[in-house]
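There are 2 protein chains.
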Amino acid sequence: MTGRDGGADLHPIGNSPVVVLVRPQLADNIGACARAMANGGLFHLRLVAPRDGWPQEKAWRNSSGADRILDAATVHDTVADAVADLHRVFATCPRPRHIVKPVLTARGAAAEMRLIAERGLSIGLLFGPERAGLDNDDMAQADALVRYPLNPAFMSLNLAQAVMVMAYEWWTAADTTPGRTLMTNETKVATKGQLENFLAHLTDQLDACGFLRNLPKRPGMVRNIRHFFQRGEVTEQELRTLHGIVTELAIGRRQRGRLEEE
Amino acid sequence: MTGRDGGADLHPIGNSPVVVLVRPQLADNIGACARAMANGGLFHLRLVAPRDGWPQEKAWRNSSGADRILDAATVHDTVADAVADLHRVFATCPRPRHIVKPVLTARGAAAEMRLIAERGLSIGLLFGPERAGLDNDDMAQADALVRYPLNPAFMSLNLAQAVMVMAYEWWTAADTTPGRTLMTNETKVATKGQLENFLAHLTDQLDACGFLRNLPKRPGMVRNIRHFFQRGEVTEQELRTLHGIVTELAIGRRQRGRLEEE
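Residue numbers (our numbering), protein chains in the order written: chain A, 1 to 262; chain B, 1 to 262.
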């Protein structure tokens, strides 16, 4: 703890996984990692042998207010020390070789971590240094490896981006937001009856102005107009606006008609 | 096109969404966005009124080799111009207000974008400037808004992180990697029969050394040992090692016994 007290209230959540940055090089990146952690609801940070020592002012400058995570970060000499009090450890690792280990996607790992956390067990998430990644001894400390499904032709993933993806999956694993919704704010989605009222109004005016005068084609034309207005969800407010548009256009047409008659 | 030819071969994929950065401020961020795009298989970049002009050397320096995306980026005066040839536009937007619009999660948007791309239609993904985000006129250019499910107590999301999440979801939407697998490399998962052979070997040696001499407790002890070895998947190579360990420990014990007898 460095005793600072700035930064956003991050609403820490109890048993979230501990992010362990192993031999991180740049304090900028440590700050960016803290910011990504806060975005995804990961609040516990441990640093194993940070190259430039700790604390580093740059980390706080680059964390966009995730100060509390940095304030509470602990420093450890070894991975073994950093994970000694944890129950389950996952290691992110782009291309593991010649080892026998469970390998999970980020999404698979997030689902497992949620189940583990529900049991009251504590979890560690290891991230390797910027260039080299985790070495074989680091990986041997983990129960399972996490490999993100990403473009194999361009695997150069920034450290904070790697933390972001995992933090995002951790948050999303407990999120129930529907994949698609219609934001209506002050108004609501119109009922079919309200839509029908508008379509009747529109059709009346189109009959009046002669747009539908071709009687053999009229049913198909009306149906096509109906198909268009049925395509998306229309709100009550939008229907009021559409009624207004039709009324005003029709008045304008009648007035012009009257002027031409004069 | 600036005519550079460095950078990684990104294996461009045909009909991937076009990332449109609206009034981006920092060239560093534009480079980081290109890197995140390459990670997730997004290859088409357009810039609307970049604050410091274009091209900017800093963007290439910060893209970790995603040069081709930057080389091919186009610059536009307005959002309308940048999306004029596209069929469907999604706008990322943290907190839209007072508008009526479909709102999707990143995952929901990725699923929809895959379906749209399969139909041969082209897609644009709008990201706003670093601080302000997209304004109301920008959002009115979009068919739908994308809002990430992330910690509402800490919404400060870096521009490149926002691109990363969407690029990751785009890639993942077409990925079929199992959520959990066991990487076995040169060896394979042992069959139950192979495991049984080892357990028989172990039990024989434990009988011989007297570890199981308490006959009433013996069945339960054997069962507990069996439960432990059944818990995870064991590989053929690991079983060979375990056979060797048991054999060697038993030999050592016999030899020590012989020494003690002498």
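Treat the hints with caution; some may be incorrect.
Claimed, not checked - Derived pair list, reagent style SDA-like, types lysine to any residue, alpha-carbon separation capped at 20 Å: (1) B:K101 / A:I99; (2) B:K188 / A:E236; (3) A:K101 / B:E236.
As the list claims (entries may be wrong) - Okay, the calculated bits of chain A under chain B, using three or more residues with CB under 8 Å as the criterion: (4) 67-77; (5) 126-137; (6) 183-189; (7) 209-219; (8) 223-230.
Note that these hints are calculated values from the structure, not bench results.
Computed from a predicted model, the values in this text were never measured in an experiment.
We treat Cβ as the ideally placed atom computed from N, Cα and C, and that holds for glycine.
Hint check results:
1. B:K101 / A:I99: Violated - the C-alpha atoms of I99 of chain A and K101 of chain B are around 49 Å apart, more than 20 Å.
2. B:K188 / A:E236: violated, 62 Å
3. A:K101 / B:E236: holds, 14 Å
4. 67-77: violated (count 0)
5. 126-137: Coverage by chain B is violated for the region 126-137 of chain A (0 residues, Cβ < 8 Å).
6. 183-189: holds (count 5)
7. 209-219: violated (count 0)
8. 223-230: violated (count 0)
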